[in-house]
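A.B. asks: Please model the complete structure; the sequences and the hints are all you need to start from.
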Amino acid sequence: MRRARWSAVAVLAAGLVSPVAAQAEPVTGGDARTITLITGDKVVVDGRGAVVRVEGRPGTRFVRYVDQDHQFVVPEDALDELAQDRVDKRFFDVTALLGFGYDDAATDRIPLLGQGLRASAAIVKSEAARRWADRRVEARAGDKLWLDGKARITLDQSVPMVGAPDAWQAGFDGSGVTVAVLDTGYDQAHPELEDVVVAARDFTGEGIQDNVGHGTHVAATVAGRGGRYAGVAKGAKLAVGRVCGTYGCPESAVIAGMEWAAREVGAKVVNLSLGGDQSDGTDPLSLTVDRLTAETGALFVVAAGNDYTYRKVSTPAAATEALAVANLTKQGQLNESSSRGPRFGDHAVKPDLAAPGTDIVAARASGTLPDQAVGDLHARLTGTSMAAPHVAGAAAILAQRHPTWTGPQLKARLMTSVEPVADTPDHVGTGLLDVRRAIGQPVRADVGSLSFGLVAWPHTEVHEKTVTYHNDGDRPVTLDLRHDLGADFAVPSSVTVPAHGSAPVVVRLDPRKGLGTFFGHVTATADGVVLTTSVGAYVQEERHPLTVEITGRDGKAPFNEVLLLVDLETGQSSTLPLDAEGRGTVRLPVSDYAVLGRIEQHSALASWFTPVSVTEIAGRVSMTAAVTVELNAAAGEPITIDLNDDRVRPLEREVDLSVPMAPGKTSGVTGPVEGATPVYGLSFGDPLPQLSYSTSLKAAQPRVALGGFGLPVRYADASPYFEPGTHEFRTARPDGDVKGALVVLEGTDEDLYAVAQRLKDAGAAAVLLLGPLPFPGADQTALPVLSASDHGAEQLVAQVGREVAVHAIGSSPVSYNLYFPERGALPSGRTYEVRRGDLAEVKARYRSSGDDGLVRQRLYPVLRGTANLGIVMDEPLVAPVARTEYYSAGNGIGWYQEGFIGRMFGVDARDPMVGIWSDLGPVAFEPGREYRRDWNAAVAAPRLGGTSVVQWAAGGGVTRTGNGIEAKVSPFATATAVESWTATGYGSMELKRDGVSLGFTGDPRLGRWQVPAEAGRYELSLDAARGAPQVELSTNVHTTWGFTSAGTAQGGLPLLQVGYEVPLDLRNSARAGVPLPVRFTATRQAGAGKAAVREIKAFASFDDGVTWTPVTRIVPAGGKPGGHVSLRVVASDTEGNTVDQTVLRAYRLRG
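If you use mature numbering (1 follows the signal peptide of the UniProt record, and there is no 0), the sequence shown corresponds to residues -24 to -1, 1 to 1127, in order.
Heads up, some of the hints might be wrong.
Said to hold, decoys possible - Here are the simulated distance ranges between beta carbons:
1) Glu545 with Gly683: 54 to 62 Å
2) Asp1080 with Gly978: 21 to 29 Å
3) Gly1127 with Ala98: 46 to 54 Å
4) Ala398 with Ser470: 19 to 27 Å
5) Arg909 with Glu545: 43 to 51 Å
6) Gln1026 with Ala432: 55 to 63 Å
7) Thr258 with Lys532: 47 to 55 Å
8) Lys532 with Thr83: 42 to 50 Å
Stated by the list, open to error - Straight-line alpha carbon distances no greater than 20 Å define the calculated EDC-like cross-link-like pairs of lysine to aspartate or glutamate that follow:
9) Lys65 with Asp43
10) Lys441 with Asp460
11) Lys65 with Asp45
12) Lys1096 with Asp1041
13) Lys819 with Glu722
14) Lys736 with Glu722
15) Lys306 with Asp142
16) Lys489 with Asp422
What the hints contain is simulated information worked out from the structure, not anything from laboratory work.
Here the structure is a predicted model, which is why all the values come from computation and not from measurement.
Using N, Cα and C, we set each Cβ at its ideal position, and we do this for glycine too.
C.D. replies: In structure tokens form, the structure reads like this:
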């Protein structure tokens, strides 16, 4: 064993490294989607499904990795749950969640499978964090939480191809056997299914009538009475369960259908022409197949899937007891779309056999499948979905022939009695289904496949598997044995099976002869007998153990830590959990690996407080032999940031430690660090040039602080605020005299709202919570609730009872926004000296457009034009406010900014999160220069083009492509920012041509219309309203654009964009009764050419649009304090294009 000792290096005090670009190209706003995880954390992805940012619970860090091309985002408090197999990993599989349609725009719930996989439930996403916290407190051993995912619905020539007519001729057509078809229902009026269906039940809520067409086609392939298109088992009866709706097959419905078919109906055979993702056979659907097979004896025939590639056999075909069916063409070759094996994970042999599934003609449900129709009653379809019912029908015929046989016996007989195919078992299983041979051979085998599976390195011994042959005849039979497995395998040349007896045959694998994946067949032949058994093995390549042993800076083993391993050649990622001794071991193929992680040290008070130190780990190991890495976090050297400004303190750092892989995908560790926490870095091994290590620091005056303890505190997200000033309190414990006191609470599993209400009822003034902060709900707490980190907490606990001063401000008058990107190494021992001359100074104004109250500034650093959306820098402010902000500048650094009106989490009557505004593009400042920026400034009105890179706000303009016109408009925007209208409003768009409406949309952001090629005069009208009472400006906007368009030219249409320059104060108000100078503009949208403005007229209203007064360059005196001014602009250009825009309550009036 090679033992390497590294103790060294690199630290993080505020953060380091080169920004890992969350995307390789800018994200368009309309492509972004948000997914809420089971923990309540939110993941934002772009149009390719690549993760661009994570909006986590306060203080939560995340591990991001790529496995089998699926992106996973796992919060730290779920890592142990996953390691202990208490939670379905699909809850954190962003790729799968998108594929299931579980993004936040599609559903507000996370569907679950209940205990025992027999019932379904759902968690409302807004309650996910609280429910997760409750579960972690109450979880019982063995109580695994499963996601209710979704599966997908994946005969004139094909029926003779599988030998069915010969079976009919012999008197076997499935009569007396019931086959259950679990699919999309069936056409109750189809003549080929008349008197065939003896039981039916809907598990989807959409009714049993098939409005998709898939289920009818499958049912008729099994047992249709169609003459030329008769099913395989034309004498069988059907039980039809609808488990697939119009948009997929909920796993809970599929499981309920399987229970019904196997238990209530008593079906001998169950057909499932559906499938989910690849599986190792331990998912809910596969486990249910195995369980029901053992308990009822039913045979589940399942489509292998249509994923084209290897190790993609889907659930539930991956179940050990399932009969997984591949798709052959009518020429007996594998269809390219058919999923290949072996089974994911353990390399077991799958699929099991093959059947025709290409261009299959069978019954067509009325009104469905118009593009696949073959006349009125039939359709031609292709897929493993079509292959499986051929096998299900054959199983029914075999069950008629042997009515006492169980599912495993039927499966083995069908698998071994096939027509050999010139292909390997991972493609076609044993071969082509042959019903004639299955019902006629006197000799049978007890298993259809022998799976050696994963034969782990190192290879020191021979492995054996046995197949037993049974002779049901009256004479002994000598079977000639041959195989095509290669020199690694040994099989006897023959075996004699006695009459009415059995004989075992041992297949031996010597893995010392060669490495790799092996597939082949053992074929036993005699007069009138051909028996085929699939054999498969994965003789593992050279692997060696990587053992990591970590000691924390305090000399103890770290608590509940997980390392991330990234194969630098393949890009695949995996995790390495550390045990209670700080040790973890994993066997890895020969390659170079990046090892990334974070080690936290906590105080003696409690292990789940904010850590007192953080050590980031980055290293590289070459696995050509066994490697042990011993790391001591105390060897790390701090990386510090010296602010050189006593007015502020560090509030929070964000650290992103990553290795970029495929475009848009990274593997790494991301998370916040409390500003006062020292950060260290520990690097080891060979250089790691792929490493990106980015750190941001937000520094400002804290909005709330405790005097005398040096204990950093902040408001809980659901907390009301103290009035600005200093407040004196006595500290007390919750079981003591709490009247008028600041109650110090050392952690609680109780609902935060209940605790605050109970303490308020007892006379308490406020709460200081030491420990993890519960996720907020929809209301404010009854008392101010402060959350504290570990720093100084022990001192405070020891002195409960003394007086403490609480200092509160509304907004910090100054802030620092710093970003330090590094690449290839951790800058150990470095101190970043912050000098104002190296920064940009921004005079920032945050305006109020409704009730004065909380806004939240959010920043994303940019490096050379690419946003690192893994770094999120938030700061709450109370608007209106003007202040000074300092930004890192130069060296390719830029910034995107967003803002939120109200709390990020938690909604109440005063501070809901009702609006989100975003930069239209990155802002790159120059060092040493001063800038001015205005946020939430009136007038907000529709904007053509310029969608934000970080927020879904539509935008993009109005364009024509051929005979189509598409509109992407931001209903509320200023010259530099757009607002996410979806949080607050409603509206519509309508397009008219020559006065005739071409249709409405229910969304004022998006519209698409088909138009004639001939020239026409068009009017596009947009109406939008802000629905939140807290935003009282630009409450309604109405715009009509007039333009002429013809032909099939591509590009922007000549719509006019209205601009507003209105000098207002921080509350977006002007003095009532005083004239106000203004300026209005009208310009073509980008990409639409140029034309001079022919005329522009403006009007003002002081009564919400009832009456209007003309405006030249001055809004005339009018209105009263507390009132509003509405604006209307009408403009045209020299080419006849027009715009008429009205903004109600554009700004306020004051006294």
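A.B. asks: Compare the structure with each hint and give your call.
C.D. replies: Results of checking the hints against the structure:
For Glu545 and Gly683, the Cβ-Cβ distance of about 56 Å falls inside the hinted range of 54 to 62 Å, so the restraint holds. Our hint of 21 to 29 Å for Asp1080 and Gly978 holds, since their Cβ atoms are close to 25 Å apart. Range check, Gly1127 to Ala98: about 52 Å between beta-carbon atoms, so the 46 to 54 Å window is met. With their beta carbons about 24 Å apart, Ala398 and Ser470 fall inside the hinted range of 19 to 27 Å.
Arg909 and Glu545 have their C-beta atoms about 46 Å apart, which keeps the hinted 43 to 51 Å range intact. Between Gln1026 and Ala432 the beta carbon distance is about 58 Å. The supplied range of 55 to 63 Å therefore holds. Here the CB-CB span from Thr258 to Lys532 is close to 35 Å, at odds with the stated 47 to 55 Å. Checked against the hint of 42 to 50 Å, the pair Lys532 and Thr83 passes, with Cβ atoms roughly 44 Å apart.
For the given pair, Lys65 sits about 11 Å from Asp43 by alpha-carbon distance, which is consistent with the 20 Å threshold. The suggested pairing of Lys441 with Asp460 holds, with an alpha-carbon distance near 16 Å, which does not exceed 20 Å. Simply put, Lys65 and Asp45 have alpha-carbon atoms about 15 Å apart, close enough for the 20 Å limit, and the pair holds. Simply put, Lys1096 and Asp1041 have alpha-carbon atoms about 16 Å apart, close enough for the 20 Å limit, and the pair holds.
The hinted pair formed by Lys819 and Glu722 fails the criterion: a straight-line CA distance of about 41 Å is larger than 20 Å. A distance of roughly 17 Å separates the Cα atoms of Lys736 and Glu722; the hinted pair therefore holds under the 20 Å criterion. Straight-line distance between C-alpha atoms of Lys306 and Asp142 comes to about 18 Å, which keeps the hinted pair within the 20 Å bound. For the proposed pair Lys489 and Asp422, the alpha carbon gap of about 29 Å is over 20 Å, so the pair is violated.
The structure fails hints 7, 13, 16 (numbered hints given earlier, in ascending order).
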